[in-house]
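Residue numbers (the working numbering), protein chains in the order written: chain A, 1098 to 1393; chain B, 2 to 285.
Be aware that a few hints might be false.
Residues from chain A shown here face chain B by an in silico Cβ test under 8 Å; the list is partial [what the hints assert, rightly or not]: (1) Thr1167; (2) Gly1170; (3) Thr1173; (4) Leu1176; (5) His1215; (6) His1219; (7) Gly1223; (8) Val1286; (9) Leu1314; (10) Ala1319; (11) Val1320; (12) Arg1338; (13) Phe1342; (14) Thr1343; (15) Gln1346.
If you're looking for bench data, these hints aren't it; they were derived computationally from the structure. Computed from a prediction, not measured in an experiment: that's the story for all the values here. Cβ coordinates follow ideal geometry from the N, Cα and C atoms, glycine included.
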Amino acid sequence: MSILAISDLHIDLRTSDGPRPIVGGIDLVLEKGRIHGLAGESGSGKTMTALAILGLLPDSMTATGSIALTREGSTTELLGAPRQVLAGIRGRRVAMVFQDPSTSLHPQISVGRQLTDHMRHHLKVGKQDARARAIQLLERVSVPDPAGALKKFPHQFSGGQRQRIAIAVALACDPDVLLADEPTTALDVTVQAGVLQLLRGLVDDIGLSVLLVTHDLGVMSAVADEVTVMRAGVIVESAPRHQLFTAPQHEYTRSLLAALPGSTLEESPDVLVQELLGAPTGAAPSPATADAEGDE
Amino acid sequence: MTDQPVLSTTDVVVEYRGRPPLRAVDGVSLAIGAGEVVALVGESGCGKSSLARAVIGIEKRASGSVRFDSSDVPVLGIRRRPREFTGMQMVFQDPNSSLNPRRRVGDQIGDGVSAALARGEAGSDPADWLERVGLDAKAARSYPHEFSGGQKQRIAIARALAARPRMLVADEPISALDASTQTSVAALMRTLCLDAGAGMLFISHDLSVVRRIADRTLVMYRGRIVEAGDTETIWQDPMHPYTEALLAAIPVPDGAGRLPVTPDDEDRLSWTELIPEALERTAE
């Protein structure tokens, strides 16, 4: 069952030379209770796609097309939705987790308040109930001593614990969809493993649907059910995980898989450097990387 | 690589005040030659950054010594350093704080050029350095805020290399960058260092990047090096249980949908033991 359907999404950046396409007409369906991976290089438009879902694009960008959120048979169009509608959806039905938990959590507000504030706003629950629920959430994401954690501040936790807290905050209002933008990139591999297990567990246990944006194909292979590969604002390939990794159809997907570590030291850095510097590297694509750098 | 290492440390110890004092670096000895890229890996909090700062002389050492070329590196602090030590340059994690926001990029790279001139090395044009890191020579007249994070870090790299260092110490130089440009920037650093005949100590928690750019790898756990040697050998056949756990936690991109293994707390007990053979892994 589809929970989020993106169709013919275009995102343009307004520049003095006229609009420049960032995303050029993509279709993507997120099924309920699945993890859909969105892969691609810097500037392929994957993060902007995720931001467009919540209406969080920078003012310099405009989006057209359709992003439909379905719940219990009724469908809401998110693109161009009035502010009030979006406010009722952000954090309530669609929540987001970012790369760096030290910037996404407020440094001066206690973990407890960050967890309960929007719970009380969206769900209209009382203080006591919100607190009880916050403790449950922290237990679910395996933060030690949940009751004590409520009184602490983000800096008192390690990076991995902070990302777990950020996930708990995102889950506070029991959303249907979680958008996770490079959620484990800033973490140590040992910690990343735990967060990936947590994400998979949430999907399997509570039927959460996750759109996972990452450049890391290892992460993708570990948790994604479907994988969509983007390049320069368009989808080059979308397939079930196993098929994408074992029988990639598109040349670009093949080149991404071939570029994974394991290739030899002598040749791989040079290819990468050439890509970064925008020099032609035969079949390997480069405009996406070079282009995107400028508009981070 | 020459026989004489460019940089070597002997039993470096770094402690932070507290009760009891926190021993962040617990007796580390290492040597890096010219044209050699050595990676230092480990989880956050293992003492990687403290070691890097001690090596470059901005962190106080409780004991131990650091030698650069043939002179002992004193604890220098963050003030202007003696001329001979500008041959050691550092690239920090966050270019937003390492670049001066109020000075033009070209002038900041020019500082590096002056440092090279002061040591009697050849001068160079800041604009050339910008081109070598893939930026437009015209960028010299711009200010740091006009660039993206990845571009700013490349400017910081250009500034460090303009000083014609014999040793580059890079502390998590890529972790603040957009995830998908990290590997390319790391590869660029390797290429530029080798071109310049400099050695590099590259600190990172990202093992897959390290595998691609480092000749040798040092694995650090709780302030001590637990495994060291040829990168590919360590990767293919880790000897220390900590290295094994680190590598096992990396998800394999095979499409099988296997979740990576998280180490148990009991495992951590065995990680502190030292295995002498694991400290000298050589390529087969």
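Hint check:
1. Nearest Cβ of chain B to the Cβ of A:Thr1167: about 26 Å, over the 8 Å cut. The hint is violated.
2. Taking 8 Å as the C-beta cut-off, the interface hint given for A:Gly1170 is violated, the closest approach to chain B being about 31 Å.
3. Interface hint status for A:Thr1173: violated, as the beta-carbon distance to the closest one in chain B is roughly 31 Å, over 8 Å.
4. Violation of the interface hint for A:Leu1176 is found here, the shortest Cβ-Cβ separation to chain B being roughly 25 Å, above the 8 Å cut-off.
5. Among the interface hints, the one on A:His1215 is violated; its C-beta lies about 27 Å from the nearest C-beta in chain B, farther than the 8 Å criterion.
6. For A:His1219, the interface hint is violated, the least distance from its beta-carbon to any beta-carbon of chain B being 30 Å, above 8 Å.
7. Below 8 Å, beta-carbon pairs count as interface contacts, and A:Gly1223 has none with chain B, the closest being about 36 Å; its hint is therefore violated.
8. Hint on A:Val1286 holds. Least Cβ distance to chain B is approximately 4 Å, under the 8 Å limit.
9. The beta carbon of A:Leu1314 is positioned within 8 Å of a beta carbon in chain B (closest approach about 4 Å), and the interface hint is therefore held.
10. For A:Ala1319, the shortest C-beta to C-beta distance to chain B is roughly 4 Å, which falls under 8 Å, so the interface hint holds.
11. At about 7 Å, the closest approach between the beta carbon of A:Val1320 and any beta carbon in chain B falls short of 8 Å, and the interface hint on this residue holds.
12. Taking 8 Å as the C-beta contact cut-off toward chain B, the hint placing A:Arg1338 at the interface holds, the least distance being around 5 Å.
13. Because the smallest distance between the Cβ of A:Phe1342 and any Cβ of chain B comes to about 2 Å, under 8 Å, the interface hint for this residue holds.
14. This hint holds: A:Thr1343 has a C-beta 5 Å from the nearest C-beta of chain B, less than the 8 Å allowed.
15. At a threshold of 8 Å, the smallest CB-CB gap from A:Gln1346 to chain B is about 14 Å, leaving the interface hint violated.
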